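*Asks:* Sequence:
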Amino acid sequence: MLTSRPTVPYEFNRILRSQGEEVRRRAFDLIIAVVALIITLPVLLAIAVAIRIDSPGPILFRQTRGGINGRPFRMYKFRTMTVTEDDGAITQATRGDPRITQVGRRLRQTSLDELPQLLNVIRGEMSLVGPRPHALQHDIEFGKFVNGYALRSQVKPGITGWAQIHGLRGGISTVEAIQRRVDFDNDYIAHRNLRLDVLILVRTIREVLRQTNAY
1 MLTSRPTVPY
11 EFNRILRSQG
21 EEVRRRAFDL
31 IIAVVALIIT
41 LPVLLAIAVA
51 IRIDSPGPIL
61 FRQTRGGING
71 RPFRMYKFRT
81 MTVTEDDGAI
91 TQATRGDPRI
101 TQVGRRLRQT
111 SLDELPQLLN
121 VIRGEMSLVG
131 PRPHALQHDI
141 EFGKFVNGYA
151 LRSQVKPGIT
161 GWAQIHGLRG
171 GISTVEAIQR
181 RVDFDNDYIA
191 HRNLRLDVLI
201 LVRTIREVLR
211 QTNAY
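First residue of the sequence shown: 1, per the numbering used here; consecutive thereafter.
Take these hints with a grain of salt, some might be off.
[Unchecked claim] Simulated restraints on C-beta separations: (1) Gly-143 x Gln-63: 15 to 21 Å; (2) Gly-57 x Leu-30: 30 to 36 Å; (3) Ala-177 x Arg-52: 14 to 20 Å; (4) Ala-150 x Val-43: 35 to 41 Å; (5) Arg-203 x Ala-177: 18 to 24 Å; (6) Gln-102 x Val-34: 30 to 36 Å; (7) Leu-199 x Pro-98: 34 to 40 Å; (8) Ile-122 x Glu-21: 17 to 23 Å; (9) Gly-143 x Val-83: 18 to 24 Å; (10) Gln-63 x Ala-150: 17 to 23 Å; (11) Thr-82 x Thr-110: 15 to 21 Å; (12) Gln-102 x Gly-20: 46 to 52 Å.
Keep in mind that the hints were calculated from the coordinates and are not lab data. Everything numeric in this text was worked out from a predicted model, so none of it was measured. Glycine included, every Cβ here is placed at the ideal spot set by N, Cα and C.
Required output: the full structure, derived from the provided sequences and hints.
*Replies:* Below is the structure:
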């Protein structure tokens, strides 16, 4: 039984689900993502205009992240930071980060900057629920000292996850923080099913409305 406290050891053979379940999961992701895109289209257009007016630069932020089995893909987000000469550097945003724009700050507080990842879901690169994808550089770094880190790549990354609804979102500042997040990710993987995904999506909406750990 899945609890809010990670359990070890994990029975990772349980992630070898039947083909039928994976088909149902993919259908669920597609239906929800397409419907969500249609419903939020006016909001997406308004955000795009606001970003364009607020600061120079592209509307979307694109970054290569690690996907299922470590396969790289381009993840989309609304741009929330100013464009600088060293944009090739991978530096996490911090609370009060001066690079965050006025519009970007509001988008991050409400998690609306994540909406373009619905496109990644439709393309089959992400799922609605799963471990959050990290930059490839961070995957390499974390894999060296975080127990069980590689196991999280056995499923598609998600827009939200078991760790996020337990307040483990935002920047990572300590080894303990990333280890705790990975423990929750792996606990989810060991117990994942569609009913749990629906629960996580519902609780994600509640966390977004509360703006927990957002900046």
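*Asks:* Could you check the hint for me, namely that Gln-102 and Val-34 are 30 to 36 Å apart, CB to CB?
*Replies:* For Gln-102 and Val-34 the Cβ distance comes to about 31 Å; the hint holds.
*Asks:* Does the Cβ distance between Ile-122 and Glu-21 fall inside 17 to 23 Å?
*Replies:* holds (20 Å)
*Asks:* Within 46 to 52 Å or not, the Cβ separation of Gln-102 and Gly-20?
*Replies:* holds (48 Å)
*Asks:* Looking only at beta-carbon atoms, does the pair Gly-143, Gln-63 fall within the given range of 15 to 21 Å?
*Replies:* Holds, since Gly-143 and Gln-63 (Cβ atoms, about 18 Å apart) stay within the stated range.
*Asks:* Taking the beta carbons of Leu-199 and Pro-98, is their distance inside 34 to 40 Å?
*Replies:* holds (37 Å)
*Asks:* At the C-beta level, are Ala-150 and Val-43 separated by a distance inside 35 to 41 Å?
*Replies:* holds (37 Å)
*Asks:* Could you tell me whether the CB distance from Thr-82 to Thr-110 stays inside 15 to 21 Å?
*Replies:* Roughly 20 Å apart at Cβ, these two residues keep to the hinted range, so it holds.
*Asks:* For the hint 14 to 20 Å, verify it against the beta carbon of Ala-177 and that of Arg-52.
*Replies:* violated (35 Å)
*Asks:* Range hint 30 to 36 Å: satisfied by the CB atoms of Gly-57 and Leu-30?
*Replies:* holds (31 Å)
*Asks:* Given the hint of 18 to 24 Å, is the C-beta distance from Gly-143 to Val-83 inside that range or not?
*Replies:* violated (30 Å)
*Asks:* Per the hint of 17 to 23 Å, is the separation of the Cβ atoms of Gln-63 and Ala-150 within bounds?
*Replies:* For Gln-63 and Ala-150 the Cβ distance comes to about 20 Å; the hint holds.
*Asks:* Evaluate the given range 18 to 24 Å for the C-beta pair formed by Arg-203 and Ala-177.
*Replies:* At 20 Å between Cβs, range holds.
Figure legend: structure checked against the earlier numbered hints; hints not met, in rising order: 3 and 9.
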